[in-house]
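Taken in order, these protein sequences are the chains called L and D. Numbering-wise, the working numbering puts 29 at position 29 of the first sequence, and it's gapless, one number per residue. Numbering-wise, the working numbering puts 66 at position 66 of the second sequence, and it's gapless, one number per residue.
Source of the hints: derived by calculation from the structure; they are not laboratory data. Small disclaimer: the values here were computed from a predicted structure and weren't measured. Heads up, a few of these hints could be off.
Copies of the same chain look alike in the list, so a pair counts if it fits in one copy or across any two.
Said to hold, decoys possible - No farther apart than 27 Å at their CA atoms in a straight line, the calculated lysine-lysine pairs in the DSS-like style are these:
hint	residue 1	residue 2
1	K73	K109
2	K36	K109
3	K70	K102
2 protein chains.
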Amino acid sequence: MDNLFSEKPFYYAVIFTSQLSQDTTDYDDVAEEIEKRAKEQPGFINVESVRDTSGFGITISYWESLEAIKQWKDNAAHTIARQRGREQWYEQFHVRICLVEKEYVFHRKEF
Amino acid sequence: MDNLFSEKPFYYAVIFTSQLSQDTTDYDDVAEEIEKRAKEQPGFINVESVRDTSGFGITISYWESLEAIKQWKDNAAHTIARQRGREQWYEQFHVRICLVEKEYVFHRKEF
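Please build the complete structure, drawing on both the sequences and the hints.
The structure is reproduced here in structure tokens:
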């Protein structure tokens, strides 16, 4: 793949940064299930997720529109999981809904 | 801190996702120095970064304006580091410049 520079891609990123609490019972299983369901949602593009050993994590999901994000927010299984996140799994979290205005992709070319 | 919901915060997030290459000589030292310099830039708000053991990482820096992001891109030390990143440290990376349109903050309240 060549390096790409693109103006105005006009899709959305939901940045979810979080600190896990001490009680992460069922967290991995539910997170996996929720990610699977997100991928089935209309308007879903991609998800990327990293967590470090201290329990701090960043998950970014990419969506075609604000409407797609809203539909995913209203999804029943996701709503239940978010509630459990607030009550049990997360010490804190921060959600940011962002319009991706510009992007640049680099892939190393081997010579 | 109470939970906050905010419409139209109007600041920018630069999402940098990357896969490290095999050759990460000097990477940690330069990354630390570059982060220190970013924090001194006009318009800098915050930075959050996580990398997993496979070398995949997400770094998000937050900025007051596109102009602040442009000034940081043109910073001499940053430009040299970016060049070295393309030549040596990164197998691939993806930069997305995003307008933060909406955000929600949750902090657990202890009872």
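Now the hints, each set against the structure:
1. K73 with K109: Only across copies: K73 and K109 sit 23 Å apart there, 39 Å inside one copy, limit 27 Å.
2. K36 with K109: neither (32 Å within a copy, 30 Å between copies)
3. K70 with K102: For K70 and K102, the Cα distance is within 27 Å both inside one copy (23 Å) and across copies (12 Å).
Hint compliance for this structure: hint 2 is the single one not met.
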